[in-house]
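Undergrad: These protein sequence lines are chains A and B, in that order.
Just remember that the numbering used here sits 354 ahead of the position in the first sequence, which is counted from 1.
Just remember that the numbering used here sits 47 ahead of the position in the second sequence, which is counted from 1.
To be clear, the hints were calculated from the coordinates, so they are not data collected in a lab.
Accuracy of the hints is not assured; some may be wrong.
The calculated lysine to aspartate or glutamate pairs, modelled on DMTMM-like cross-linking and capped at a C-alpha distance of 25 Å, are [stated by the list, open to error]:
1) A:620 / B:175
2) A:507 / B:278
3) A:620 / A:635
4) A:562 / A:549
5) A:505 / B:229
6) A:505 / B:278
The residues making up each chain are set out below.
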Amino acid sequence: MLKWKQSKKMEGNRRRSHLERHDLLRKIKEFCKSILKDITERRSLSISINQFRNYCKNLDAHCSCSYDFPQGQEILTLEKQCHARRIEQSIVDQAINDICILLQCSRHNINVVSAGKGMVMGWLRFLESGAKFDCINSPNDAHPIPTFVEKVKDIVSTANYILVVEKESVFHRLANDQYCTRNRCIVITGRGYPDISTRRFLRLLIEKLRLPTFCLVDCDPYGFDILTTYRFGSMQMAYDAKFLRIPEMHWLGAFPSDFEKYGLPKNCRLKLTVEDTRKTEAMLHRCYLQREVPHWRSELELMLQSGVKFEIEAFCACSFSFLSEKYIPSKIQEFERLAV
Amino acid sequence: MEDLSKSSLNFFADQQLCSADILSPLEVRARIEVSVINFLKILNSPDPAISDLPLINRKSSNSRVSQGLLTDVSWIFLSHSFCTRSLTKSNAAKAFVRVWKVMETCFQILSQEKRVTQRELFYKLLCDSPEYFTSQLQVNRTIQDVIALLHCSRFSLGIVASSRGLVAGRLMLQEPNQEVIDCSACGSSGYSISGDLSLLEKLDLKTDARQHQHLTHGCLQHAIFQRLTEDFVFNQIPSILITAKGYPDIATRFLLHRLNRAFPDLPILALVDWNPAGLAILCTFKFGSIGMGMEAYRYACNVKWLGLRGDDVQLIPEQSLLPLKPRDLQIARSLMSSEILQENYKEELSLMVHNGQRAEVEALYFHGYDYLGKYIAKKIVQADYI
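Could you build all of it, start to finish, from the sequences and the hints given here?
TA: Dropping the structure here:
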């Protein structure tokens with residue numbers, strides 16, 4: 355096994371943003387040296403990669419899932435006969451994740467980035483690679499979230515909270531209703547499942563600004579999954595979860611109970627498909643729900659029992675600006691009341 | 048002789064063309080009011096009748112091609128063939144009522160000075176008129192019916208589609224009363240194109256690319272756009288980069304058209320994947336589409352095909368060539384049968400189908416991460432585009 359890995363365990367919680375390029379290059383060289391040593395001393399080649407997971411399906415309260423420590427190891431060995439396989443994107447993605455686990459770094463440390471798709475608007479100003487992003491002058495104008503989050507500096511904001519919305523259409527609805535003019539906040543959307551830059555940017559904002567963060571998703575299994583991706587991180591990036599998750603995130607809506615509460619007409623609800631039901635049942639088994647957010651879990655159970663789901667746009671049935679004028683402000687007021 | 052008569056008809060192409068006007072909210076409301084008044088007038092006449100609604104036919108049988116004579120821009124447009132929505136036809140009566148319901152809701156939206164998406168409109172109609180509206184597709188079709196009736200653009204009705212387009216490079220944009228935005232300093236994501244066509248209309252556009260010789264607008268897909276923007280390719284090869292992240296939306300096409308009008312000396316070059324879908328994207332930028340035929344023709348631009356083309360396939364490593372899917376072949380067939388597609392494009396398309404392979408632009412990274420910039424520069428310098 356690789357001896358240097360054991361000594362690094364003590365520094366397990368070292369912040370990845372401080373990882374220097376030469377540290378990583380040194381680790382890569384040491385790794386290659388140890389493999390070469392194994393080859394020259396005619397030992398069988400094997401690489402041990404830590405396995406991380408965010409959650410397990412174990413329903414008893416004593417599972418060992420954690421964000422900081424691995425839950426086991428996968429041993430990779432070199433077989434005598436290597437079947438020539440077509441290199442596919444998924445294989446490369448897995449390899450990149452394995453490399454990050456081995457080198458104990460994040461993707462951006464080895465300069466692997468993906469095309470970012472998040473957007474932000476509201477009472478915020480910052481600099482990125484010399485470009486000034488000034489959302490404060492025009493709080494209802496959308497700006498793309500920068501891909502290189504580590505180059506973001508000089509964050510200035512007068513917002514009272516951060517609102518994260520699942521869908522771009524909801525983001526534009528808020529912009530069209532001039533939501534940020536009447537409400538001092540920052541609105542972010544990941545346009546579906548948030549990519550790494552969006553999640554890191556959000557983390558950065560919360561660390562620097564210390565603002566309460568709310569999440570607005572559709573009342574359906576995919577919305578809930580996106581909510582948990584923001585809050586707990588995704589399984590695929592579980593090794594990096596402690597730098598990507600947002601433990602302070604609150605679920606603003608939409609809840610299954612909101613449908614009756616706000617008097618939406620029944621035909622705006624859609625039936626849960628077979629796929630939806632399967633996904634919801636699988637999500638209910640996630641250990642972190644019971645452990646950390648049992649109230650979220652009860653809402654999800656309610657969704658499953660009722661067999662229906664609805665989108666945020668359904669609020670248009672009341673009026674087009676119902677979302678920005680009534681629903682969101684009343685939900686935020688409720689939070690503030692409970693917090694006091 | 049036949050060619051001559053065909054070409055002389057082009058002088059009257061404008062008369063054949065049926066266009067959706069871009070109007071202010073007040074004008075659209077006026078048109079809706081006129082439709083209502085006409086309907087009531089006929090109902091109230093000595094010989095009362097429920098008038099049918101005449102809609103411009105959105106089928107390929109009603110589509111025509113305008114080959115540019117004095118310019119090199121061609122486009123697809125819809126002509127004056129009508130289909131009707133009638134209350135008297137038993138199974139089509141609901142379609143008739145749907146058109147009126149959507150007009151009513153659009154009237155309300157315009158009065159409140161709002162903009163809504165097609166999805167939001169769906170929920171409103173589902174709630175207000177559940178007997179008539181059951182699906183999103185129905186709502187979208189009815190919106191196109193209203194456009195075909197009132198001859199006004201979708202955006203004029205207050206309905207927006209969000210844009211996914213981005214632009215970067217040697218371009219300075221200024222929204223009225225705002226700061227100037229330098230698209231070469233927008234960071235790695237570029238400037239996101241708004242879905243609000245009225246805002247795009249008001250943008251002031253400037254470029255300094257005029258002093259240099261080889262200037263281009265490049266139409267690309269997102270990941271390539273990001274790569275080129277990060278490498279500041281637009282500084283090495285003075286250019287403006289634009290992407291619609293897939294099938295081009297009206298807003299991106301609108302901006303491209305505006306850029307073309309503002310800087311007519313800059314050629315527009317497209318870099319798309321080597322597959323029929325890539326060519327279809329290029330053709331939509333170039334000629335417009337039938338689906339939104341009354342509006343799309345306006346934004347046709349003379350886009351030239353830079354790559355990937357048949358000659359470039361030799362640069363792609365064997366393992367990056369993938370087989371064509373059945374959907375790709377379907378797209379290829381419909382492109383081949385289109386009369387607007389020029390001969391050399393059809394040749395490239397037959398090569399694609401004949402070899403049965405497709406490749407992504409990203410496959411060029413096999414030769415190194417800076418290869419793409421060099422490939423583009425070489426092609427531009429050699430004017431290797433069709």
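Undergrad: Each hint should be assessed against the structure and marked as holding or not.
TA: Going down the list of hints, with the structure as the test:
1. A:620 / B:175: Between residue 620 of chain A and residue 175 of chain B the Cα gap is close to 12 Å, so the pair holds against 25 Å.
2. A:507 / B:278: Satisfied, since the Cα-Cα distance of roughly 21 Å is no more than 25 Å.
3. A:620 / A:635: Holds: residue 620 of chain A and residue 635 of chain A sit about 24 Å apart, inside 25 Å.
4. A:562 / A:549: Roughly 20 Å separates the two Cα atoms, so the pair holds.
5. A:505 / B:229: Roughly 19 Å between the alpha carbons, so the hint for residue 505 of chain A and residue 229 of chain B holds.
6. A:505 / B:278: holds (16 Å)
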